[in-house]
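All chains should be built: construct the whole structure from the sequences, respecting the hints.
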Amino acid sequence: MLKIKNLHAGVENKKILKGINLEVNPGEIHAIMGPNGSGKSTLASVIAGKEEFTVSRGKILFEGEDIDEMSPEERAHNGIFLSFQYPVEIPGVSVTNFMKTAINESRKAKGQPDMPANQMLKLIREKAELLEIDRKFLSRSLNEGFSGGEKKRNEIFQMAMMQPKLGILDETDSGLDIDALRIVANGVNRLRSEDNAFVVITHYQRLLDHIIPDFVHVIHDGKIVKSGDKELALELEEKGYDWIKQEAVL
Amino acid sequence: MAETQKGIATERIATQTMDLKEKLLASFMAFENQVDMDHPVHDIRSEAIRNFESRGFPHRKMEAWKYTSLAPLQKVDFSLFPKEDNTLDYREVKQYFLHEVDTYKIVFIDGIYSSYLSETTHDGVDICLMSSALNKPMYRPIIDVYFNKVASREESLTSLNTAFTREGAYIYIPKNKAPRKPVEILHLSTGNEASLLLQPRNLIVVEENAELQVIERHQSLTSNEVLTNSVTEIFAAKDAIVDYYKVQTDRPTASLIDNTYIDQKTNSQVSVHTFAFGGKLTRNNLNFYQDGNHMNSILKGVTILADKQHVDHHTLVHHQQPDCESHQDYKGIFGDQSTGVFNGKIIVDKIAQKTNAFQQNNNLLISDKASVNTKPQLEIFADDVKCSHGCTIGQLDQDALFYLRSRGIAKKEAEALLMYAFANNVLESVRIPELKGRINRLIAEKLGVHLGFDL
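Sequence order for the protein chains is A and B. Position 160 (the first sequence) corresponds to 160 in the numbering used here; numbering is contiguous. Quick note: to get the numbering used here, add 1000 to the position in the second sequence (first position is 1).
Heads up, some of the hints might be wrong.
A short list of chain B residues far from chain A (calculated; beta carbon distances all over 10 Å) [unchecked claim]: (1) 1057; (2) 1208; (3) 1427.
Covered by chain B, according to a simulated footprint, are these stretches of chain A (three or more residues, beta-carbon under 8 Å) [said to hold, decoys possible]: (4) 47-61; (5) 89-100; (6) 187-198; (7) 213-219.
Straight-line alpha carbon distances no greater than 30 Å define the calculated DSSO-like cross-link-like pairs of lysine-lysine that follow [stated by the list, open to error]: (8) A:5 x B:1238; (9) B:1177 x B:1238; (10) B:1061 x A:110; (11) A:14 x B:1411; (12) B:1094 x B:1280; (13) A:108 x A:245.
To be clear, the hints were calculated from the coordinates, so they are not data collected in a lab. What you are looking at is a predicted structure, and each value in this text was computed from that prediction instead of being measured. Note that beta-carbon positions come from the ideal geometry of N, C-alpha and C, so glycine has one too.
As structure tokens, this is what we get:
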């Protein structure tokens, strides 16, 4: 589904990603871990198409297609979803209206008519229930005055609504208390299928107690320096990142 | 026969080369023949024309007109007295009415009252015409007390309007009354004249504990040039509530100088929302004079411009007594080569302690060639006050734009959504839901998008 080959990317004169290789197949969950500033969030943003970053070498293939030239919205239409570490506040636009716009814009891009209102409401109700989101919450302005946990839960709600092929969760666990973490993880697990895949970016292991990854990769200084199974995450939790850094130097 | 034709031709050339000020002064005598010169208002007119004569049109060397030039408009050979026989079919102009809701309507076509399109009333309240109020003795007491009492006698454009006072809206809401429905004041211009100068004069008196909602719109129906120099006086007595909505979304050949003067008394609440989306040149002079305690003045505006449009908001809130509030919030979005001005003056007199005066002006420039000049002007003579002001000029937030696009929303729509969000809080205080919906649609139209929902 996703093939990243020798990806180099950065901003202006600063190189951040220095040769990332990653392959994600349908049905898999990959965890990407690493210390602060290692390039985890940059990788997420580059896959989603943030224009601030320039790809200088290598490529990203999504379902066999090079996505370098695609706009963020085209990537979304093709089934890539990024759950943001810092979701943006949009005053005056309710969660419901935002989702209506997002879904119908995607449908429009695919030449489909707007989703009928009753079907939309049904979908919203169903997904809100999945994330244990209150009705009243849906009429609030998007992310405005939301707590950290509400913002993250709302991101996963949006992901549930958009039903992407590839979901990238950028530090979704930061700012979550244990209950919210459980709800978010439960939501992701329920969305999991044979046809979709997730890349879970996290600094800590605790989210991975709830969302069990098939693979764990460690990024350091813009490169994947170690890959393994879920045991690697536990090892990192125990020993910290320093030994990885040392190993990388060696 | 040939000589007569030649005579007419020469006369036409003469009027074309005459500048607008001279033409206005020359036509004042002709105007006098059409009005009741024995009415006391005529003394006010005469004084006003003298003031206009000595001051002339404002020019860019004046601080208050630094960024707005009226020079090009003064070169236009405006007709001052339109023909009286212009009629319009309701179907042709229905879209300019807020037809989703029942309203009283005071409609003018080329400055002339259209009884056919209007719905006035004298049922407990007077929602009618300035010409009636000037001509009928029963209105004399109100005219004597209020006419030209809050409007400036110094401002030359206000004086110009005062001098030619003849027609406009007259609204009188007696104590404890509230009309059943909002009032729409609609000025239509047909373009039957090549270019037309309109000078409507409105007087609105809302007595103690009375209420009123007004929606005002100027609409040109063709691409012939129109200049409107409008003056509105509003008197809000003790405990009165007045909501005034100005919908400015005219054609690119229409210019508007809107002069609004508001006199507010104790415990009253007056809000003016200005939606400035259209026209060639628009100048809003909005002046609040607080004369009493515990009152609130609300000034809100959304400006969305494109092409070479120009909008200049000049606001004044004069706090003359203690314990009052004013809230100003103006949002502007400027595209193409459009230009905007915001000048917000707040005066707090020495005795006006415990004043809360807030002013905010935020602007988005969405084109490299657009520009905006914004200036808060605070003159505070009291020492125990809370006054704050802030102005920003910025571009759309790129992180926010990426967020929306990553949800599948195309760039143009994402930008529009952010602009909606930016302007949104100004719409929150609109108290007529149908009007809010209409403004929403106008904003979407102006931004060139369909978002599939109303805010």
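Okay, the hints, checked on the actual structure:
{"no.": "1", "hint": "1057", "in the structure": "holds, 40 Å"}
{"no.": "2", "hint": "1208", "in the structure": "holds, 36 Å"}
{"no.": "3", "hint": "1427", "in the structure": "violated, 8 Å"}
{"no.": "4", "hint": "47-61", "in the structure": "holds (count 5)"}
{"no.": "5", "hint": "89-100", "in the structure": "holds (count 7)"}
{"no.": "6", "hint": "187-198", "in the structure": "violated (count 0)"}
{"no.": "7", "hint": "213-219", "in the structure": "violated (count 0)"}
{"no.": "8", "hint": "A:5 x B:1238", "in the structure": "violated, 74 Å"}
{"no.": "9", "hint": "B:1177 x B:1238", "in the structure": "holds, 13 Å"}
{"no.": "10", "hint": "B:1061 x A:110", "in the structure": "violated, 57 Å"}
{"no.": "11", "hint": "A:14 x B:1411", "in the structure": "holds, 27 Å"}
{"no.": "12", "hint": "B:1094 x B:1280", "in the structure": "holds, 23 Å"}
{"no.": "13", "hint": "A:108 x A:245", "in the structure": "violated, 47 Å"}
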